[in-house]
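Asks: Starting from the known structure of chain A, fit chain B onto it as the hints suggest.
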Amino acid sequence: MTQRTPPRVSLPAVSAALAASLALALGTPALAGTVKGSVKLPETARSTRLYQGYWRLENGNVPVSNTGGAKAETVVVLDKVNGAHPPPARTVTVEMGGLDAHPRMVISGPGSVLEIKNTGKVRLDLSTPDTASVMPLEQLPPGATRRVKFDAVGGYAVHDAEYPHILISVIIVDSPFFATVDEKGGFSIPGLPDGKARLRVWARGKWAAEEEVDTGSKEDLVIKVAAPGSKDEKEKEAAE
Amino acid sequence: MFLSKIWFILIAVGCAVAVTFAMVAPRPAVQKLSGLEGQRLDRAQYAAEQMFKVDAHKWIDRVGKLGRDAILSESLDAASKGSGEYNVIHRTIQERFRSLIPDLATGGIDEIVALDTKGRVIARVGNNEKEYGDYIGGIEVVADALRGYLSDDVWGIGGRLQRVAGAPVLSKGKDRIVGAIYVAAETGSGLVERLKKNLDVDVALLLRGKVIASSRPEGELDALPELVAQHSGDIAELKRTPAIELTVGKQSLLAVAAPFPGQAGEQQAYYALIGVKPAKLDLPALIANVSSNDLKWGNFPWIPLAVGTFALIGIGLALQRIEVEAPLGKLRRELQKLAAGDIQKIDDHKYGGKYGGLARDVNAAVERFTHAPGARSEMAGKDLNAILGPSGGSTFDLPAAGSAFSGSTPAPAFAPPAAPAFAPPAAPAFPPPPPPGGFAPPPLPSFNPPPAPSFSAPPLPQPFSAGAATAGASLPPSIKPAPWAQPQQLPADAIDEGGATADRQMPDGEATRVVPYDQQEEEDAHFRHVFDDFVDTKRQCGEPTAGLTQAKFLQKLRDNKAALMSKHGCKTVRFSVYVKDGKAALRATPIRE
Chain A
1 MTQRTPPRVS LPAVSAALAA SLALALGTPA LAGTVKGSVK LPETARSTRL YQGYWRLENG
61 NVPVSNTGGA KAETVVVLDK VNGAHPPPAR TVTVEMGGLD AHPRMVISGP GSVLEIKNTG
121 KVRLDLSTPD TASVMPLEQL PPGATRRVKF DAVGGYAVHD AEYPHILISV IIVDSPFFAT
181 VDEKGGFSIP GLPDGKARLR VWARGKWAAE EEVDTGSKED LVIKVAAPGS KDEKEKEAAE
Chain B
1 MFLSKIWFIL IAVGCAVAVT FAMVAPRPAV QKLSGLEGQR LDRAQYAAEQ MFKVDAHKWI
61 DRVGKLGRDA ILSESLDAAS KGSGEYNVIH RTIQERFRSL IPDLATGGID EIVALDTKGR
121 VIARVGNNEK EYGDYIGGIE VVADALRGYL SDDVWGIGGR LQRVAGAPVL SKGKDRIVGA
181 IYVAAETGSG LVERLKKNLD VDVALLLRGK VIASSRPEGE LDALPELVAQ HSGDIAELKR
241 TPAIELTVGK QSLLAVAAPF PGQAGEQQAY YALIGVKPAK LDLPALIANV SSNDLKWGNF
301 PWIPLAVGTF ALIGIGLALQ RIEVEAPLGK LRRELQKLAA GDIQKIDDHK YGGKYGGLAR
361 DVNAAVERFT HAPGARSEMA GKDLNAILGP SGGSTFDLPA AGSAFSGSTP APAFAPPAAP
421 AFAPPAAPAF PPPPPPGGFA PPPLPSFNPP PAPSFSAPPL PQPFSAGAAT AGASLPPSIK
481 PAPWAQPQQL PADAIDEGGA TADRQMPDGE ATRVVPYDQQ EEEDAHFRHV FDDFVDTKRQ
541 CGEPTAGLTQ AKFLQKLRDN KAALMSKHGC KTVRFSVYVK DGKAALRATP IRE
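Order-wise, the sequence lines are chains A and B.
The letter at position 116 of the first sequence is residue 116 when you use the numbering used here, and the numbering goes up by one with no holes.
The letter at position 178 of the second sequence is residue 178 when you use the numbering used here, and the numbering goes up by one with no holes.
None of these hints come from the bench; they were simulated from the model.
Misleading hints may appear alongside valid ones.
[Claimed, not checked] Residues from chain A that face chain B, not an exhaustive set, calculated with beta carbons under 7 Å:
no.	residue
1	Arg-49
2	Tyr-51
3	Tyr-54
4	Pro-164
5	His-165
Glycine is no exception: its CB is placed at the ideal position from the N, C-alpha and C atoms.
Isolated chain A (complex conformation) (with noise of 0.2 Å):
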């Protein structure tokens, strides 16, 4: 049996290998967190519908479907993350049809481009209310298309005025780390620089909660939103 010889390796290679492991640990931070945990949404929010009216009851013989709708455009967005960059800008197009929109939400980076095409038979007159500026109210007739740029981070909520449940929501992140909540609210976010950052919760087209949270830490989050109308809502947007 011969015994084989270890390669040896060459002085070049070994001091070559730890220059860049060096120029890798000064260059970049640490990569090591995870940001995970949950999103509470109070009991008014769980609902797929944006409005609702007097009365929803269930048939009584086929189970009800929960899934989809308005709940389902939650985000948790982190910003100002040590050393993170924006995603790069981008065209994303968005089908209005079945007085719907396909996709509901966009998340990219500043300088995207919202495309809207209208392939339904109704005009749209879409808008940003709460930023006009940014996309003010226009028509939209069937068949055509619009282009909004959306330059500034943030969170926009494009609505028609004569059917308000149409909703997109457009996010505008500074930062790669984003995530969708699932059905029970649970969301994770990998990859994340040890240090600071801004939690936010993005919920039917507006930001529902904040917090400061520690990228480092191990500990499962629990973000709870408050209810519209209540006494912390009214204190958020008073702040606002």
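Replies: Just chain B, lined up with the frame of chain A:
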């Protein structure tokens, strides 16, 4: 007078309180009425909300019942599966709708729409019933129905409001959802009229800052959407506004607005309930609004008011009677008695306040006219120094001890100036001419019957001087000393008719008695009176009176009188008693005429 004044003050304060109450009372009443109207609107809003809620449930029940129809179920199941002829299914469903609900308008239905599981419209009746095949699955009511929910919503589309109820359509075996149906109910003038009839208030429907239906005349409520928008905070928190004031012409209205639920709420869709604010109610408005019915016996407390009024008047008059008229009448009667000579002076202790002062003033006047030798201005409170000058004053003080005169002191020398005003008349003619001024004539004969020698009488019944007459002129007519102040107008035979007192009837019926005059007797009476006063005063001052005899006292007075008369050339001397340094003393006053 005290109680009368208090009474008038109380009446004035009562009137002020009544006027204040009359001015102020309507305001809280108006506020109360406004508050009540606001509460009425609040209750009406609550009732309207319940009506909408019940209505929504009724529509859900109806559309749920439609969804259980077998023909509709089979048709939509086929449409969802893509089996069968699409146009046939469309017509089948339309006809089924029309057979189940022949008159949509009577039922207040705008449209009924049937959809397959993809949200595609299979058939419509009512609005746009020729259109089908479009996808509307994004509408929340439709999406909910396809998830298995029966629900309602309110839409604001095309400037109109629609209440919508949707329900799933289940398969024949009730095991899956094969489609959905929704019904849109009319929400405009018909609803407004129904609400007004049920709630007894005016109603308006607002959408996107415009009034789209109202039970009030068109244009009256144009300002309402803006006012409602100003209360967005209240709407978000309370789901309604407080009572908002709205002026329409000369009328003030109160409005309570509440948002519609569903997506119309996002489109500023409100229903407003409107009441009339109570008119301005100030005092003139209150009086102007009084009707004859309000003044009927049963509605207005006439009797208590009359009793109260007369009681107030009666109390005031009684107090006037007690405090003014009664003492005044009493005083007048006493003055008449005084003038008639029935009494010597007024009993001023019986009178209080100013009447007592008046009585005392009258007594003082009478006292002066009956006791003083001259006018008040020349004798009362003055010594001879003040009358005759620094060198002519003469007071005649008698020390308390040492002699019968309590240490009589030589009378001070009189040094009357040679003023022509004091020149005695050459002859005591009767009636003497009025004095040129200054001194008053000697006192008149007493009108009291003898023996009341407490006051002196002049040698002759001379008339009062002009000064005395002037003094008397300040008194009321009833107490003027006219009867005895002008004896010069009496005929000579009226003075002495055999020594008897002669009564003379005066023009006003008052009687004056004139008594015969004896100078020596009058002087003796005067001296005795002075002696009595002197003894009384000494006793009052606590001085001993032992050894003080009337004879010695009178003799001393005569000596002093003679000395003074010779020294000053006066006609007579009058003495008076006064207190000096706590001791009784005498003062001598020369009388020149």
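Asks: Please go over all the hints and tell whether each is borne out by the structure.
Replies: Results for each hint:
Annotation: Arg-49/A was flagged as interfacial toward chain B, and the flag holds, the nearest CB pair being 5 Å apart, inside 7 Å. Against a cut-off of 7 Å between C-beta atoms, the interface hint on Tyr-51/A holds, since the closest Cβ of chain B lies about 4 Å away. A distance limit of 7 Å between C-beta atoms decides the matter here; for Tyr-54/A the minimum to chain B is near 4 Å, and the interface restraint holds. For Pro-164/A, the interface hint holds, the least distance from its beta-carbon to any beta-carbon of chain B being 4 Å, beneath 7 Å.
Residue-level restraint check for His-165/A holds (minimum Cβ-Cβ distance to chain B is 5 Å; threshold 7 Å).
Going through the hint list in order, the structure satisfies each hint without exception.
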